[in-house]
Amino acid sequence: MSEQEYVPKSKAGKWFNDRLPLLSLASHLTDYPTPKNLNYWWTFGGILTFCLLTQIITGIVLAMHYVAHADLAFASVEHIMRDVNYGWLIRYIHSNGASMFFLAVYIHIFRSLFYGSYKSPREIIWIIGLMIYLLMMAAAFMGYVLPWGQMSFWGATVITNLFSAIPLVGDSITTWLWGAYSVDNPTLTRFFSLHYLIPFLILGLVVLHIWALHVPGNNNPVGIDIKKPSKDTVPFHPYITIKDAFALLLFMIIFAGFVFFAPNVLGHADNYIQANPMVTPAHIVPEWYLLPFYAILRSVPDKLGGVILMFGAIFILFVLPWLDTSKVRSAVFRPIYRQFFWILIVDVLVLGYVGAMPAEGIYLVLARVGTVYYFLHFLVILPVVGYLEKTEPVPLSISEPVLSGSADYSIAKKDNEKI
Amino acid sequence: MDKPEKKTTTRRDFLFTTSYTVGAVGLGAVIWPLIDQMNPDKAQQALATTEVDISQIEPGKSITVLWRGKPVFLKRRTQEEILEARSVSLNDLPDPEKDEERVKSGKDEWLVMLGVCTHLGCVPLSNKGDYKGWFCPCHGSHYDLSGRIRKGPAPKNMEIPKYEFVDANTIKIG
Numbered sequence: 000m001s002e003q004e005y006v007p008k009s010k011a012g013k014w015f016n017d018r019l020p021l022l023s024l025a026s027h028l029t030d031y032p033t034p035k036n037l038n039y040w041w042t043f044g045g046i047l048t049f050c051l052l053t054q055i056i057t058g059i060v061l062a063m064h065y066v067a068h069a070d071l072a073f074a075s076v077e078h079i080m081r082d083v084n085y086g087w088l089i090r091y092i093h094s095n096g097a098s099m100f101f102l103a104v105y106i107h108i109f110r111s112l113f114y115g116s117y118k119s120p121r122e123i124i125w126i127i128g129l130m131i132y133l134l135m136m137a138a139a140f141m142g143y144v145l146p147w148g149q150m151s152f153w154g155a156t157v158i159t160n161l162f163s164a165i166p167l168v169g170d171s172i173t174t175w176l177w178g179a180y181s182v183d184n185p186t187l188t189r190f191f192s193l194h195y196l197i198p199f200l201i202l203g204l205v206v207l208h209i210w211a212l213h214v215p216g217n218n219n220p221v222g223i224d225i226k227k228p229s230k231d232t233v234p235f236h237p238y239i240t241i242k243d244a245f246a247l248l249l250f251m252i253i254f255a256g257f258v259f260f261a262p263n264v265l266g267h268a269d270n271y272i273q274a275n276p277m278v279t280p281a282h283i284v285p286e287w288y289l290l291p292f293y294a295i296l297r298s299v300p301d302k303l304g305g306v307i308l309m310f311g312a313i314f315i316l317f318v319l320p321w322l323d324t325s326k327v328r329s330a331v332f333r334p335i336y337r338q339f340f341w342i343l344i345v346d347v348l349v350l351g352y353v354g355a356m357p358a359e360g361i362y363l364v365l366a367r368v369g370t371v372y373y374f375l376h377f378l379v380i381l382p383v384v385g386y387l388e389k390t391e392p393v394p395l396s397i398s399e400p401v402l403s404g405s406a407d408y409s410i411a412k413k414d415n416e417k418i
Numbered sequence: 000m001d002k003p004e005k006k007t008t009t010r011r012d013f014l015f016t017t018s019y020t021v022g023a024v025g026l027g028a029v030i031w032p033l034i035d036q037m038n039p040d041k042a043q044q045a046l047a048t049t050e051v052d053i054s055q056i057e058p059g060k061s062i063t064v065l066w067r068g069k070p071v072f073l074k075r076r077t078q079e080e081i082l083e084a085r086s087v088s089l090n091d092l093p094d095p096e097k098d099e100e101r102v103k104s105g106k107d108e109w110l111v112m113l114g115v116c117t118h119l120g121c122v123p124l125s126n127k128g129d130y131k132g133w134f135c136p137c138h139g140s141h142y143d144l145s146g147r148i149r150k151g152p153a154p155k156n157m158e159i160p161k162y163e164f165v166d167a168n169t170i171k172i173g
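Chains as they are written, first to last, in numbering that gives the first Met the number 0: chain V, 0 to 418; chain L, 0 to 173.
Since the hints were made in silico from the structure, they are not lab data. In this text the structure is predicted, and so the values were computed from the model without any measurement. Errors might be hidden in some of the hints.
Each pair of labels, with its calculated beta carbon distance range [to be verified]:
{"hint": "1", "chain 1": "L", "residue 1": "47", "chain 2": "V", "residue 2": "63", "range": "35 to 45 Å"}
{"hint": "2", "chain 1": "L", "residue 1": "35", "chain 2": "V", "residue 2": "88", "range": "53 to 63 Å"}
{"hint": "3", "chain 1": "L", "residue 1": "161", "chain 2": "V", "residue 2": "251", "range": "35 to 45 Å"}
{"hint": "4", "chain 1": "L", "residue 1": "49", "chain 2": "V", "residue 2": "87", "range": "37 to 47 Å"}
{"hint": "5", "chain 1": "V", "residue 1": "268", "chain 2": "L", "residue 2": "161", "range": "30 to 40 Å"}
{"hint": "6", "chain 1": "L", "residue 1": "52", "chain 2": "V", "residue 2": "167", "range": "50 to 60 Å"}
{"hint": "7", "chain 1": "V", "residue 1": "165", "chain 2": "L", "residue 2": "44", "range": "17 to 27 Å"}
{"hint": "8", "chain 1": "L", "residue 1": "52", "chain 2": "V", "residue 2": "59", "range": "20 to 30 Å"}
{"hint": "9", "chain 1": "L", "residue 1": "85", "chain 2": "V", "residue 2": "260", "range": "56 to 66 Å"}
{"hint": "10", "chain 1": "L", "residue 1": "44", "chain 2": "V", "residue 2": "87", "range": "36 to 46 Å"}
{"hint": "11", "chain 1": "L", "residue 1": "20", "chain 2": "V", "residue 2": "63", "range": "27 to 37 Å"}
Ideal placement from N, C-alpha and C gives every residue a C-beta, glycine not left out.
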């Protein structure tokens, strides 16, 4: 089963594998023992890989037609939409692909939060995942600037100005980021360069993410350590590959629904107006996947404070494995944490909603309450609940709950015979 | 390996230290051009001044010109507006600054400032907001008739660029 034992059948395969053990790696990946109770929330790793590859392939194609220049960029995007063969399709896949990528990554992250996949011994997987998430946000932001519409320009202005909140060197850093005295052509060209680079950095981190995953193996819905390989595991191929493929198919149906029937519903109409440094649109909003953080930024009536809290909302996740004091991984056996988990989901959705609304009146109040609760969840509720909560009994193996809900020996034996 | 117990500086220690030092200096010398290339280039710096004809601006009106890629508001204020801007107590200002310090003496009607919100860089709308000056639609900062921040998340008054009156009808910004 393991790569040490693997010997290629053919003579040529053996010759090659002795020099570069790629076949051993392939054998490890196919035989990789996976918990047999993984549910559909575990299919998003594969879906995310698909999203990354989709963005890279469509992006490379778009770069063949796009012109990174402040005077030409906007027109070149319209050129892609109208003149380039299937340009509209490729661009809509790329722009909606970003949204689908974030949809999948949020489900993936909340899966991890629910089942405690970030806990020991999987902290490094979690941290690499967060680094990927940060790079995704950088790539998405820079990509959104490239069409050089009004939202591109003013989004870039607002986000780069966040750095001007840094005491003393803030203005120098902002000018350095711009390469000019405002968001201008030098800003656009460097964003294009970095937007092309980042997906490949992500790809490298994905390899590390999977590598780190294959050391302890997958977490699972009951969150217990399992013996590998054992009757609690199945080989990755074909059991998980087919399940991943089916989930991917459903995901692609939703993806295609956006691309073909509502390609602009997640975008903003103002981005079909060319960038104008003299006029700010009346209502600036970032893309939906950044709205909760935008709400946190705006909830603080102080510039530096808002910026610190917004970045803090992301960086607090890096220490999450050490903030959660519970020894039990899965929320299935944590009756109190389970409720706070759902409250956190509601909180993030509320923050996202008010992030899209004007920062005044009831929206501002909601944003402040939501922001306070967000930090309360991670800094107070998680550590305290971990100590006080009386967790439910955790099964000794996956087979126990799957087979009968109790350790019924006769049923367990029958199952063994079938295998 | 097993002989000297006492700590002495060997010829090898010296070579290590000097190699690391020279290596670090070399690395820095290579990295700095890669960082500095992102700062504004000479073409950007060359756009540093703009001359504006102000002869057509009526009292109470303002125009907006582009300077270094940023809008600059030139507002010719009426006497009432100047009086109102000067009647404010400095204690009411988050970033206390007298109106007199924000204009050229003898040219008190001319307010020349960067039309850039000091919060996150949006362009405020004129004649809007709670203080009759400017209002930033992005995150709700209110500025008064002197371009000073009064309410909202912006930390500072709108910036006064370096400018001078070349003659009675011309302002040179930059």
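Here is how each hint holds up against the structure:
1. L:47 <-> V:63: 35 to 45 Å: 37 Å, holds
2. L:35 <-> V:88: 53 to 63 Å: 42 Å, violated
3. L:161 <-> V:251: 35 to 45 Å: 57 Å, violated
4. L:49 <-> V:87: 37 to 47 Å: With Cβ atoms ~40 Å apart, the hint holds.
5. V:268 <-> L:161: 30 to 40 Å: 39 Å, holds
6. L:52 <-> V:167: 50 to 60 Å: 38 Å, violated
7. V:165 <-> L:44: 17 to 27 Å: Given a distance of about 23 Å, which is inside 17 to 27 Å, the answer is holds.
8. L:52 <-> V:59: 20 to 30 Å: This hint is violated: roughly 49 Å between Cβ atoms.
9. L:85 <-> V:260: 56 to 66 Å: Once the Cβ atoms are compared, 59 Å apart, the range 56 to 66 Å for residue 260 of chain V and residue 85 of chain L holds.
10. L:44 <-> V:87: 36 to 46 Å: 40 Å, holds
11. L:20 <-> V:63: 27 to 37 Å: Between residue 20 of chain L and residue 63 of chain V, where Cβ atoms are some 47 Å apart, the hint is violated.
Checked against the numbered hints above, the structure violates hints 2, 3, 6, 8 and 11; every other hint is satisfied.
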